[in-house]
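Visitor: Listed below, chain by chain, are the residues.
Protein chains: 6
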Amino acid sequence: MPKRIVAFGEVMMRLQVPGYELLSQANTLQYSFSGTGVNVASAMTKLGHDGYLVTMLPDNPLGDSAISALQRLGIGRDYISRGGKYMGMYFLENGFGQRASRVTYSNRLESSFNTATLTDYDMDMISEKTDIIHFCGITLAMAENVRESMKVLARKVKEQGGTVCFDCNYRPSLWEGGYADAKPHYEEMLSLADIVMMNEKDALYILGMKSEGSTREEQLVELIPEVAKRFKIQSIAGTHRSINSDNSHTLRGYIYKEETFYFSDILSFSVYDRIGSGDAYTSGILHGELLGYSPEKTVRFAAVSGMLACTVVGDTPLATEKEILSAMEGKMEDIKR
Amino acid sequence: MPKRIVAFGEVMMRLQVPGYELLSQANTLQYSFSGTGVNVASAMTKLGHDGYLVTMLPDNPLGDSAISALQRLGIGRDYISRGGKYMGMYFLENGFGQRASRVTYSNRLESSFNTATLTDYDMDMISEKTDIIHFCGITLAMAENVRESMKVLARKVKEQGGTVCFDCNYRPSLWEGGYADAKPHYEEMLSLADIVMMNEKDALYILGMKSEGSTREEQLVELIPEVAKRFKIQSIAGTHRSINSDNSHTLRGYIYKEETFYFSDILSFSVYDRIGSGDAYTSGILHGELLGYSPEKTVRFAAVSGMLACTVVGDTPLATEKEILSAMEGKMEDIKR
Amino acid sequence: MPKRIVAFGEVMMRLQVPGYELLSQANTLQYSFSGTGVNVASAMTKLGHDGYLVTMLPDNPLGDSAISALQRLGIGRDYISRGGKYMGMYFLENGFGQRASRVTYSNRLESSFNTATLTDYDMDMISEKTDIIHFCGITLAMAENVRESMKVLARKVKEQGGTVCFDCNYRPSLWEGGYADAKPHYEEMLSLADIVMMNEKDALYILGMKSEGSTREEQLVELIPEVAKRFKIQSIAGTHRSINSDNSHTLRGYIYKEETFYFSDILSFSVYDRIGSGDAYTSGILHGELLGYSPEKTVRFAAVSGMLACTVVGDTPLATEKEILSAMEGKMEDIKR
Amino acid sequence: MPKRIVAFGEVMMRLQVPGYELLSQANTLQYSFSGTGVNVASAMTKLGHDGYLVTMLPDNPLGDSAISALQRLGIGRDYISRGGKYMGMYFLENGFGQRASRVTYSNRLESSFNTATLTDYDMDMISEKTDIIHFCGITLAMAENVRESMKVLARKVKEQGGTVCFDCNYRPSLWEGGYADAKPHYEEMLSLADIVMMNEKDALYILGMKSEGSTREEQLVELIPEVAKRFKIQSIAGTHRSINSDNSHTLRGYIYKEETFYFSDILSFSVYDRIGSGDAYTSGILHGELLGYSPEKTVRFAAVSGMLACTVVGDTPLATEKEILSAMEGKMEDIKR
Amino acid sequence: MPKRIVAFGEVMMRLQVPGYELLSQANTLQYSFSGTGVNVASAMTKLGHDGYLVTMLPDNPLGDSAISALQRLGIGRDYISRGGKYMGMYFLENGFGQRASRVTYSNRLESSFNTATLTDYDMDMISEKTDIIHFCGITLAMAENVRESMKVLARKVKEQGGTVCFDCNYRPSLWEGGYADAKPHYEEMLSLADIVMMNEKDALYILGMKSEGSTREEQLVELIPEVAKRFKIQSIAGTHRSINSDNSHTLRGYIYKEETFYFSDILSFSVYDRIGSGDAYTSGILHGELLGYSPEKTVRFAAVSGMLACTVVGDTPLATEKEILSAMEGKMEDIKR
Amino acid sequence: MPKRIVAFGEVMMRLQVPGYELLSQANTLQYSFSGTGVNVASAMTKLGHDGYLVTMLPDNPLGDSAISALQRLGIGRDYISRGGKYMGMYFLENGFGQRASRVTYSNRLESSFNTATLTDYDMDMISEKTDIIHFCGITLAMAENVRESMKVLARKVKEQGGTVCFDCNYRPSLWEGGYADAKPHYEEMLSLADIVMMNEKDALYILGMKSEGSTREEQLVELIPEVAKRFKIQSIAGTHRSINSDNSHTLRGYIYKEETFYFSDILSFSVYDRIGSGDAYTSGILHGELLGYSPEKTVRFAAVSGMLACTVVGDTPLATEKEILSAMEGKMEDIKR
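Residue numbers (this note's numbering), protein chains in the order written: chain A, 1 to 337; chain B, 1 to 337; chain C, 1 to 337; chain D, 1 to 337; chain E, 1 to 337; chain F, 1 to 337.
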């Protein structure tokens with residue numbers, strides 16, 4: 001019996017210049033629709049669950065197009081409200097080598113999602129059947145009305161026996177007042193959450209905790225248990241990731257659960273499109289938790305899920321459980337016939 | 001010696017689905033940059049003059065891309081200010097037969113151009129060297145700050161001996177308060193203008209004039225002389241256009257000047273992209289006036305210019321004086337070798 | 001409350017040469033997935049209902065791709081079985097003027113759908129919640145195992161109180177034994193059906209009926225009531241269509257219901273892609289019946305639905321109820337802003 | 001047993017802007033290789049014969065690419081010499097409606113073909129096995145070295161019992177000295193030719209003949225028999241063609257043979273790409289002559305061949321004998337399944 | 001005087017998703033036609049010989065398209081039969097990094113080639129003029145009728161004094177009964193062959209031979225001479241190849257001839273498309289044998305040929321003799337002007 | 001106040017096969033317009049100056065297209081003459097790994113630029129306002145008429161107080177008579193130049209100087225000061241560059257000024273398109289000189305400019321001053337939001 005995984009978040013239209021040209025050189029764009037919530041709902045669908053998105057989209061051809069794209073990924077349209085006027089959009093120019101990629105946003109704060117209020121969603125219906133609800137820190141940064149919907153929804157799902165997942169995902173540019181502004185909202189979400197995606201920096205900077213550790217690893221093992229205790233969080237997971245000079249990435253996943261830390265192997269791999277890899281990791285954690293994998297297996301599954309997400313086009317993870325399990329066995333094949 | 005033709009107006013980014021797919025079917029867009037001012041400045045450049053645009057564009061990759069596009073058309077970048085945050089954008093899905101084309105706008109009122117104020121432009125420098133300045137009714141509809149810049153610039157150019165051209169171009173959806181709101185602003189612009197693009201409907205609805213005529217033609221010849229007289233306008237020109245069932249158009253141009261009406265032949269022709277045809281007509285009128293063509297020749301030149309603009313891809317007229325004069329001789333060639 | 005519309009049929013992969021090149025000239029193909037069932041389920045979804053497809057697809061990347069495409073159209077994946085080995089495919093080269101389009105099939109009889117048997121589907125689950133089930137004559141022509149599934153499903157839906165729709169859609173090339181082979185199967189389906197898509201030729205050739213009429217119209221009004229009576233069919237509908245020399249089509253819809261014939265206006269219109277127009281018409285009929293439109297409105301709604309389907313890219317109708325109602329008012333717009 | 005049809009002529013690289021953009025708007029080109037000789041050799045191959053081209057191409061990647069393209073069409077590479085430095089090229093911008101197509105040439109006179117001399121070809125080997133050799137007036141206009149090769153080859157083929165076909169195809173822009181310069185060369189080719197493509201204008205202007213007739217038809221039937229007699233030509237064929245206002249063409253073919261004129265029906269049809277239609281007509285005539293069709297059938301076959309060539313992409317005719325015969329029966333099909 | 005190289009084998013239609021998207025993400029495909037026989041015949045043509053293919057293709061637009069593609073490569077159409085109903089096809093999704101490429105086949109066993117029997121080919125005509133005939137183990141695996149044609153053709157060519165080349169190319173998935181089924185057929189082909197492509201694994205697993213060697217190299221030098229002796233084979237050649245972690249390949253060629261082993265240098269190089277590299281190696285061996293190169297030169301020529309085949313788009317080797325000889329001198333150039 | 005930077009040189013049309021296909025495989029080309037002068041003028045415009053090009057282009061659609069492309073880059077059209085008949089063109093096939101890129105030229109010597117003479121340019125107008133004029137050795141190699149224009153223009157600019165920049169850029173294939181032919185012309189240009197781009201090889205081979213040094217570096221520091229002294233050159237700059245096996249490049253810039261050598265760091269970086277990197281380096285030197293940067297900063301600025309030019313599509317450098325300064329700080333960013 002598939003579980004119902006529901007994500008709350010904005011759908012962004014991504015308008016990407018093909019190849020490596022700049023906007024001032026090209027004349028075509030490829031468009032797609034993504035967002036952390038989209039990625040998680042889609043990834044969970046590929047893993048065999050039923051993914052849904054709680055969002056609001058304008059009732060115009062852009063909104064229609066977004067819904068078609070979400071459905072293509074297998075995400076259910078039942079919890080999508082229509083209203084407001086605009087879609088959040090960004091333009092992406094791919095970098096190459098020493099030249100960084102560039103992102104140019106449209107006016108995101110006026111999007112349908114960011115102007116929607118509590119009454120735009122049927123929170124009771126949504127929370128009733130939801131096994132896991134997923135939120136992220138980007139959404140938390142948006143606007144007071146969005147934060148209100150987010151917290152109400154988290155509470156209702158919790159009341160109905162669902163699991164609340166919160167991905168800290170702090171983006172400095174989105175919080176005008178910096179960590180001080182963010183802190184109370186993060187604390188509220190953490191106290192509502194059962195599963196949290198977080199690393200030692202979130203603890204240090206957002207929560208203002210102190211650490212004796214001098215390496216990331218030392219800080220991590222010192223702070224995360226403290227956070228789990230303080231906010232009564234069932235599982236805290238995340239990754240340490242680094243970019244190598246030859247465009248490959250190195251990733252190591254961890255999960256802290258029942259007062260124990262579990263780490264994945266350190267994976268190194270070529271990267272086609274790194275966006276969405278974190279959401280694939282999150283989905284791997286949620287899948288492991290739902291199926292009652294051992295923490296060891298969960299963290300390995302999640303790390304490989306994050307790695308494979310870097311090998312596909314676009315933000316959205318596409319690997320199935322079978323493909324991830326097969327990649328965990330580690331045989332690199334040339335061609336699958 | 002080429003003349004300096006300056007247009008004041010917004011640059012819009014046009015994001016068009018290729019072919020006849022809907023946004024929900026496709027995954028690529030073609031983008032270009034246009035607007036009435038862009039079209040007139042570009043058309044005048046093709047006719048041998050130096051075209052400039054007074055506008056404001058964001059200082060980001062979208063703004064850079066717009067400037068590259070304007071330069072490609074030969075428009076000078078000297079009067080383009082950089083600032084504000086966003087570009088006006090619209091998505092275009094091509095209609096077919098009984099299915100109309102659809103346009104979906106982004107939040108245009110927050111664009112750099114529509115948030116720019118008088119001090120964002122160096123009006124003195126601009127007005128000093130301008131032979132003709134061009135404004136249009138779409139710009140007039142935008143916002144009070146835009147209207148102010150527009151009127152100040154018109155006045156300064158007039159003071160410096162330049163010619164002011166105003167294209168009425170009334171768009172009902174842009175005036176919340178309808179004709180009543182628009183009227184005083186139109187009257188102010190008409191009293192500043194030397195050359196006006198206008199038809200009988202503008203006189204009836206915007207200016208609230210009355211006519212005994214029962215046909216468009218009767219109303220036209222009754223009302224336009226009255227307008228010219230009231231606002232002391234040197235030349236008033238425009239077109240009557242109709243769409244035929246086989247996708248061809250019919251167009252007849254007119255100019256009223258020195259108390260006389262002159263009409264072009266009635267032209268019928270196949271249409272590839274009708275947008276920008278009116279701006280090509282305007283450019284033909286301005287070119288005829290600048291070169292001292294007879295009114296008969298001016299109106300024929302302008303009408304053929306409008307016709308040829310319907311045969312090229314995109315909004316922007318591309319015909320040269322030589323090509324228009326050759327087409328006026330009316331020989332339809334199969335292939336030019 | 002949306003209704004559940006379920007179609008039973010094969011999903012075909014369409015591999016189309018872009019533009020007007022032949023396969024021997026080009027090197028790229030555009031692919032999509034369609035079929036009568038797909039078209040009807042999709043069209044009903046656009047009209048506000050929940051569309052489902054009962055079919056079998058191979059458990060490989062082609063099957064995955066088909067499901068993504070169906071989901072994009074809003075069709076639910078719940079009744080799609082996975083198994084068998086192949087997808088039905090056809091290659092399409094677009095004709096131009098005097099040169100006809102060409103279709104080249106792969107080995108369709110070995111497709112997953114055509115090798116599936118009764119036990120590959122959960123007929124009880126499907127029939128339980130279905131408001132309308134749709135079948136067509138193409139499916140009926142395929143193979144005995146397919147026909148068996150079809151008839152069992154029709155019966156079960158009927159037993160559960162659902163409505164059975166059957167579209168005769170006779171394709172001579174698919175019946176080796178000709179009308180004689182087809183007749184008993186058509187009779188069985190007609191006796192199970194509540195709503196039937198059929199014209200006078202089906203009655204004459206498949207059922208072997210005789211008519212005194214010399215025109216299509218005379219034969220229609222003579223034979224259809226007889227069929228309705230003999231098979232106790234609630235509504236019989238269809239179209240008369242002709243192709244004009246300038247590539248436009250003319251279409252007139254009819255519905256026979258409660259012993260009365262109702263006809264739509266004769267519509268003439270430009271055609272972009274005629275495939276799927278009949279399925280759009282069917283969907284219009286089903287929508288009218290579901291919502292209790294008057295027969296006059298139903299037939300007009302269906303005819304306009306069929307017309308609009310000719311203006312979009314691909315086989316699958318995309319018009320919403322609002323768009324069809326707006327087109328019924330007959331105002332042809334140039335651009336919808 | 002297939003016949004060997006050999007054409008002598010230049011291969012031109014065609015660089016075409018896709019769609020309707022101008023060179024100054026676009027950034028991609030489609031390239032192909034064509035020419036009258038290519039078209040005739042290719043068309044004859046499609047009709048079941050073995051087509052060859054006598055030409056010279058540079059020994060560089062452009063020449064390799066041209067050979068690949070010719071081979072794709074089924075033309076044999078045996079008589080293609082390699083040498084010289086350049087390919088003839090032209091850029092093509094498609095016109096639309098009142099805007100004519102534009103062709104811009106590279107320096108054609110320096111091409112490998114136009115700088116090749118008699119010794120660059122193995123004329124003995126070529127002439128030995130050739131059933132029909134085809135020449136055209138464009139080649140005749142090029143340069144003295146080209147004319148010499150042409151005449152030597154015609155003579156050798158004639159000596160070996162082959163048939164010589166000459167297509168007058170007079171292009172004013174290629175003859176600096178006008179008709180006076182051309183006349184002696186045309187007369188020499190006509191006296192060598194067995195089958196000639198020609199119309200009344202060629203007789204009037206090139207040969208300087210006089211006619212009493214006032215219509216094209218009257219002039220044709222007066223002059224062509226005279227030409228046939230004077231130069232002892234077995235068959236003279238050609239077409240009268242006109243362009244209609246709706247972009248369709250009208251065509252009527254004729255052949256004069258054994259002192260009798262035969263005309264095809266007047267065909268009217270939509271045109272996708274008119275280039276190469278004349279060469280398709282020529283091929284139809286040659287095919288009819290080779291197979292001993294009656295003159296009535298030959299002229300009808302050729303006219304339909306010319307019509308179908310207007311329905312395919314590119315210059316090169318692609319219809320098979322079966323397709324032409326089927327089109328002669330005149331049933332317009334919608335889709336061939 | 002060019003030699004006639006004839007290959008016997010199936011033409012497969014390859015339908016490839018462009019870039020790195022999955023079938024469920026994309027909507028276009030690039031198609032081409034390939035196969036071991038196609039590759040060898042084409043490569044030999046590029047090396048200056050006349051390449052032919054013995055195969056059967058359906059008499060429909062897919063078959064026409066395949067023939068156009070073969071001709072483009074310079075392969076003669078003389079030995080291609082038309083008949084049967086289908087083309088073998090496969091879909092290819094490119095892998096990236098840890099994600100393997102995926103191949104999905106259509107029903108290959110029903111293809112024209114795999115249903116063709118002895119009488120579908122004119123074996124006498126083919127064998128009469130053939131200098132070298134090429135077969136491969138993939139074809140041997142297909143069906144009994146195919147094997148029969150293969151063996152008859154090998155015998156006839158041998159009788160006429162031609163050389164028989166056999167490439168073992170064992171694909172486990174194609175032999176239901178495994179090595180035991182394959183063995184007698186391989187033995188029969190080996191006893192007919194003069195030149196064989198084979199490695200130590202073929203000897204161990206197919207022929208069931210035993211080796212004392214512990215490395216591939218030791219097994220190779222022990223077993224291959226034994227095979228050559230047992231089956232009286234003139235030359236046995238092959239490669240040892242490995243994939244490096246940075247996507248480059250390492251390749252070393254060998255040939256065993258006149259009781260001596262010759263090895264090429266070990267080559268390491270970047271790979272664009274590895275398919276067809278083995279066929280390029282085979283072609284290099286055949287070319288060296290035909291031209292009487294020393295075995296040392298032959299094996300180096302073949303290895304470089306295999307390397308260069310990895311640098312071009314598509315399966316089919318495109319390097320000329322001159323290019324291979326130039327690459328053997330080992331100067332890596334940046335740009336050839 | 002922006003400076004006027006004027007380059008004298010040919011505009012070449014580049015016709016590039018997309019991706020890695022050969023001309024004989026593909027059917028589309030991407031076209032752009034470039035050349036050393038274009039690159040320098042464009043790069044200086046991006047750095048905030050006003051760039052102009054002195055050249056001649058044909059008065060046809062190719063010339064129009066070139067001008068549009070130059071304008072798009074921001075280059076002023078004021079000094080572009082129209083006349084002559086042809087554009088210089090080259091076809092580019094991208095290499096991969098061991099397969100080198102291939103360039104095939106059209107007949108460049110007949111281009112408008114190479115047939116233009118002194119009177120085709122208004123040298124007085126050009127020289128009057130020019131701050132820096134740029135020449136290069138490719139232009140010097142073309143034809144006597146071109147050399148004459150070049151030298152006259154250099155002299156006139158010098159007389160008017162402008163700075164003359166000369167880039168040695170010796171291309172062996174362009175000088176039939178080798179170094180001996182080139183020497184006097186180079187000496188003349190060097191004696192006119194203030195800023196020179198040159199390395200030790202130019203001194204050794206063109207000027208025939210001798211060096212004791214055994215490494216490039218030793219030769220450089222020995223010879224360049226001698227050259228500067230002999231020809232009274234203010235600054236001599238250049239780069240030492242090498243290609244690494246993994247397709248990355250290593251670059252070190254130098255400038256010799258006021259009797260001192262300054263070197264940049266050694267930069268290693270991935271390369272997307274190496275063409276135009278040298279021109280970007282030149283532009284960096286000119287910019288540093290114009291703004292009075294210290295020589296240390298100038299050479300670092302130029303080297304980073306050259307590096308960034310390798311990361312963009314096409315020949316033409318696109319980095320702004322801000323982007324170069326930011327890259328000089330050396331922080332590699334992943335995405336700029």
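One should not assume that every hint holds.
For identical chains, the list gives no copy identity; a pair is met inside one copy or between any two copies.
Claimed, not checked - In silico lysine to any residue, SDA-like type, Cα no more than 25 Å apart, as pairs:
1. K322 to N60
2. K3 to G76
3. K322 to N94
4. K85 to E21
5. K322 to A26
6. K322 to L22
7. K151 to I266
8. K85 to L174
9. K232 to T119
Read the hints as simulated data drawn from the structure, not as lab findings.
Visitor: List, from low to high, the hint numbers that the structure doesn't satisfy.
Guide: 7, 9
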